[in-house]
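Asks: Below, each chain spelled out in residue letters.
4 protein chains.
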Amino acid sequence: MNVAIIGASGYTGLELIKILINHPTFNISYIANSTGEENVQELHPCLKDVIDVEVSKADANEVAKVADLAFLALPHKTSMSFAKELLNLGVKVVDLSADYRLELETYEKHYCPHEDKEHIKDAVYGLPEYYKEELKSSKLVANPGCFPTAALLALFPFIDYIDTNAQIFIDAKTGMSGAGKGLKEITHFGHLNENCHAYNPFKHRHMPEIQEKVKLVKGVDCQINFVPHLLPITRGMLVSVFATLKEDVDVNKVLEEAYKDSAFVRIRNTPVDLKSTAGTNFCDIFVETNEKALFVNSSIDNLLRGASSQAVVNANLMCGLDEEEGIPIIAYVP
Amino acid sequence: MNVAIIGASGYTGLELIKILINHPTFNISYIANSTGEENVQELHPCLKDVIDVEVSKADANEVAKVADLAFLALPHKTSMSFAKELLNLGVKVVDLSADYRLELETYEKHYCPHEDKEHIKDAVYGLPEYYKEELKSSKLVANPGCFPTAALLALFPFIDYIDTNAQIFIDAKTGMSGAGKGLKEITHFGHLNENCHAYNPFKHRHMPEIQEKVKLVKGVDCQINFVPHLLPITRGMLVSVFATLKEDVDVNKVLEEAYKDSAFVRIRNTPVDLKSTAGTNFCDIFVETNEKALFVNSSIDNLLRGASSQAVVNANLMCGLDEEEGIPIIAYVP
Amino acid sequence: MNVAIIGASGYTGLELIKILINHPTFNISYIANSTGEENVQELHPCLKDVIDVEVSKADANEVAKVADLAFLALPHKTSMSFAKELLNLGVKVVDLSADYRLELETYEKHYCPHEDKEHIKDAVYGLPEYYKEELKSSKLVANPGCFPTAALLALFPFIDYIDTNAQIFIDAKTGMSGAGKGLKEITHFGHLNENCHAYNPFKHRHMPEIQEKVKLVKGVDCQINFVPHLLPITRGMLVSVFATLKEDVDVNKVLEEAYKDSAFVRIRNTPVDLKSTAGTNFCDIFVETNEKALFVNSSIDNLLRGASSQAVVNANLMCGLDEEEGIPIIAYVP
Amino acid sequence: MNVAIIGASGYTGLELIKILINHPTFNISYIANSTGEENVQELHPCLKDVIDVEVSKADANEVAKVADLAFLALPHKTSMSFAKELLNLGVKVVDLSADYRLELETYEKHYCPHEDKEHIKDAVYGLPEYYKEELKSSKLVANPGCFPTAALLALFPFIDYIDTNAQIFIDAKTGMSGAGKGLKEITHFGHLNENCHAYNPFKHRHMPEIQEKVKLVKGVDCQINFVPHLLPITRGMLVSVFATLKEDVDVNKVLEEAYKDSAFVRIRNTPVDLKSTAGTNFCDIFVETNEKALFVNSSIDNLLRGASSQAVVNANLMCGLDEEEGIPIIAYVP
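Chains as they are written, first to last, in the working numbering: chain A, 1 to 334; chain B, 1 to 334; chain C, 1 to 334; chain D, 1 to 334.
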């Protein structure tokens with residue numbers, strides 16, 4: 001089955017290439033970025049002698065000729081106009097941008113006017129543990145944000161036990177790769193090395209994404225207070241969910257029950273760390289209480305479970321394959 | 001004025017030496033560790049050609065002969081028996097261990113039986129912003145823990161505005177130097193590099209210290225839920241306090257008011273970072289709200305404001321000096 | 001084909017497990033360390049839900065029952081006594097220790113008395129680019145040291161053009177994983193982070209290994225002057241070979257010619273970096289001259305090409321498989 | 001004595017400010033960058049509550065009114081035109097750029113046409129150990145490059161014992177701050193973290209600087225082969241000089257003799273590390289031999305001994321002060 005990768009220059013594009021090279025069913029038939037005219041080995045020198053494909057200037061008609069499904073690793077706004085073309089040409093789309101993640105009103109409030117209102121309502125939110133059946137018949141998947149992936153997997157199992165009149169706080173920490181390959185002050189080595197700080201506290205655009213999904217999936221309307229931090233590491237993401245329990249409950253049992261059939265969620269009995277999930281699609285979760293205070297602690301690889309490997313799981317489901325097919329599970333340890 | 005440093009082998013001992021070398025009034029007359037018979041340049045090769053003092057095997061009678069005040073950078077339990085001797089010999093003590101930080105009952109619950117009950121009630125908690133007058137006449141100062149220092153400086157100004165029936169959460173991140181120079185798995189480079197994780201969530205011994213001081217200083221009995229994390233950096237500490245406001249309040253005004261006379265607290269209008277305080281005694285604080293949700297964000301150097309430079313501030317006050325005398329304020333940037 | 005991994009606790013043992021899980025032909029039938037009685041998921045928590053095998057206390061007879069070939073990731077000295085047993089029981093051995101790398105006299109001078117003189121002369125040095133034919137019929141392979149692997153692959157193509165009366169210098173830099181998982185001062189995070197230094201200059205035991213192989217493979221008796229450094233990173237190794245050319249030569253052509261048939265050597269036209277080889281079995285090489293001065297610059301993953309993946313290449317050859325079978329080629333980038 | 005800092009935005013400008021704040025004699029009377037109209041606390045937030053000075057748009061006439069000496073932390077080319085003005089106005093200059101470091105011909109070959117030929121021959125090369133007397137009467141000091149500082153301090157003592165017909169190799173490693181605060185791909189965190197590589201091998205502009213000074217100071221015309229590497233750390237520099245001795249010599253005695261009167265060179269009996277010199281003006285040196293092969297190993301803080309603190313030592317000498325006045329000697333350890 002032929003697939004295309006659009007937006008091959010960035011980190012998530014590279015991760016898609018790396019996963020799909022070893023995928024038993026998907027075959028990379030088209031790689032594109034905004035400029036083209038380069039071999040993928042020049043674009044990503046680490047791929048020398050590994051894969052030999054030309055990088056094209058992205059063109060929807062070309063994609064439609066050679067691929068059944070396209071992964072879009074594009075900036076938001078750019079993504080929806082390209083997705084629209086592909087969908088109209090009958091190509092399945094897994095969109096890694098924010099463009100189809102939110103309901104129209106939420107999207108336009110936090111991002112920009114939407115340019116593909118036709119398809120937005122068809123998009124399935126690509127968190128496989130909670131949307132598996134919908135994903136199987138979907139033609140357009142909105143791959144979740146990295147923070148929402150780790151936060152929702154931690155929060156959902158407990159939402160029924162949480163006092164949602166009390167504040168819910170999420171303190172999240174991400175490696176710098178979440179900020180992308182572009183040159184920015186916050187990702188300058190001299191700034192980030194031996195440093196750590198919050199950014200956009202209570203204002204990050206993943207906050208409304210988390211809040212909206214809690215409402216859609218669990219029917220609970222509550223205020224999520226989200227503070228992300230930048231860590232001086234390259235990959236990995238750690239999330240602390242702090243909430244108040246309504247009553248005593250065996251939190252580990254709740255967690256085990258919630259994910260007993262999940263291939264990619266591992267329950268831990270010690271606090272989760274970044275390294276055990278780096279390089280994999282796993283989400284590790286740990287839970288602890290202090291009387292009514294609840295601490296749910298999750299870890300993912302922000303580029304994989306938070307982006308590219310989750311995208312391939314979604315593509316597996318869309319194409320009738322086993323969700324585990326070709327998905328990385330072996331961690332970057334040490 | 002002659003001072004002694006007992007426990008010179010560890011990180012906080014080294015920081016004390018580094019500060020006191022340049023102190024205009026204090027003169028290091030005695031340096032000791034548990035073994036002695038070494039020059040301080042052998043113990044800390046970075047001090048070659050900087051200071052030339054023998055390291056003695058710690059002996060309280062020798063200290064009393066040559067110093068008016070002693071800094072104890074010893075493990076808890078070891079510290080109280082040494083402090084007791086020094087106090088009985090008339091030597092002033094700044095104790096960097098936990099031994100005199102807590103009320104007797106709290107201490108014995110979380111640490112071990114206390115061996116110097118006589119002096120524990122004389123000890124002043126060395127957080128200068130809140131105990132300045134008591135420090136000026138004190139002969140025994142209990143230097144606060146690193147996490148409590150950063151957490152209390154963030155929390156105290158807001159305690160009157162916080163709904164203390166709602167949960168208060170503290171998510172803290174520390175550099176590895178807080179774990180000391182001894183060889184441990186969690187401070188092995190292969191474990192910590194490119195990693196991050198919580199440890200002792202809701203069970204760390206700094207949690208009762210924070211809770212007790214909130215009660216003593218502010219008269220408020222509330223549950224503090226504290227989760228520390230280890231960062232892959234050497235020095236620095238970041239604290240997030242999450243709480244619920246009772247009512248609308250101008251949080252920046254509260255903060256400015258609380259610290260308008262403080263030499264070592266800086267109010268920031270962007271989230272605080274580690275680097276701006278590393279190498280200094282400053283505590284930087286930033287505050288943000290989301291309706292009733294409160295986020296107070298503080299940063300200190302865990303070895304300085306969280307230990308050694310705060311100890312010297314306390315010694316300055318105990319000896320009638322200006323609190324700013326000889327205190328480092330120039331950050332390790334870049 | 002069933003294989004055993006002896007010495008599963010350390011970094012190279014873990015890397016062997018990670019590679020062999022995905023190997024198309026080899027099946028891990030036995031995993032052991034010095035204590036046993038543990039599941040491999042407890043030993044390496046990152047393997048939770050990935051592989052479910054008991055870790056045994058190493059026993060040669062048990063190995064012989066269930067495996068045709070064993071990888072020994074043991075300390076030197078321990079390794080040779082275990083290898084001896086296995087070889088006598090008819091099990092093929094890939095030994096990752098130093099025990100069979102050197103000629104007897106060299107070994108005993110730099111390590112300790114040898115305890116398996118019988119087999120030492122049968123051992124083939126497992127650098128596939130230079131010993132491929134011998135490896136195919138070998139029953140005992142001595143897997144090269146990490147530094148010698150990177151140094152010899154850089155040096156061998158040029159040895160005929162180098163003035164071996166002039167000094168040859170090798171300045172090498174390794175990530176800390178080369179120093180192993182045990183707790184040591186030099187691998188304490190507080191020591192190594194933001195630091196870098198040479199160790200054992202001109203005295204490291206990989207120096208005689210390099211020198212001996214230059215003599216054996218190329219017939220050239222010359223003095224190699226080797227200085228390794230420790231880098232504040234986890235994995236990767238960079239080698240600078242500095243030598244003097246006898247005459248003008250097209251060094252890039254020499255390099256291309258030497259490795260035109262090598263699956264795992266990549267010639268670069270810019271200086272090599274660590275990241276492009278991390279996670280893979282590749283050795284990247286770059287060469288530059290300044291009149292008669294020669295700089296050959298190679299990069300490998302010290303745990304893979306410098307240990308575990310090279311071991312699997314060797315096992316592939318010993319078992320009549322394609323050398324590329326199951327060998328990792330996708331780098332840890334970013 | 002009033003001094004000016006021109007070029008305050010970069011790392012070396014900040015280091016100058018940090019040193020001069022605590023200098024007992026020099027008083028910062030003027031700080032400038034290319035834009036001005038900002039307080040230094042906005043330019044460098046770590047200086048909040050530490051120093052309160054306006055940053056001006058650089059103007060030579062203004063400098064001449066308020067300062068006797070100016071430190072120029074400007075890019076090369078920009079620096080010489082500003083220096084020329086200042087010198088003509090009678091202001092002493094310590095220039096941290098490359099503009100006055102080289103003889104005219106060498107400069108123009110490796111940089112660009114020189115715009116202040118009048119003063120270039122008056123410039124004294126600011127390596128105090130070798131130019132102390134000349135510095136005392138100088139009005140224009142060319143502060144050495146970071147690599148040449150570490151390399152020459154290592155090389156000079158041995159030059160008489162080295163066979164200069166054999167190749168001399170220098171393998172150097174620098175922290176990223178040497179590459180400056182500007183956004184570049186090689187200093188992007190995603191590129192540099194967990195990475196290391198050479199750059200400009202045999203082509204870096206510090207190579208002719210080293211070569212020229214060996215000729216000028218020691219009268220020896222030899223080829224220096226210089227390969228710098230970038231390390232994934234912020235500050236510090238390590239240099240390995242590899243050469244061939246003409247005869248047996250007690251290398252430690254040579255080193256001790258060379259620097260017996262030097263306040264800022266420390267001879268080590270183990271390989272030097274970055275941390276022991278970080279934050280200081282020290283150059284640590286270690287030497288080892290392997291028969292005729294020589295390894296001289298030096299460490300400096302690239303921003304201090306390699307730039308700003310050496311500049312202040314030079315200013316001290318130019319102004320008749322003790323060279324040690326106000327110079328940092330306490331390392332960033334841990």
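Note that these hints are calculated values from the structure, not bench results.
Each residue gets a CB set at the ideal place from its N, CA and C atoms; glycine is no exception.
Please note that the accuracy of each hint is not assured.
Stated by the list, open to error - Examples of chain C residues lying across from chain D (beta carbon under 10 Å, computed):
id	residue
1	113
2	235
3	243
4	293
Asks: Against the structure, test the hints numbered earlier, and report the numbers of the ones violated in rising order.
Replies: Hint 1 is the one this structure does not satisfy, whereas the remaining hints hold.
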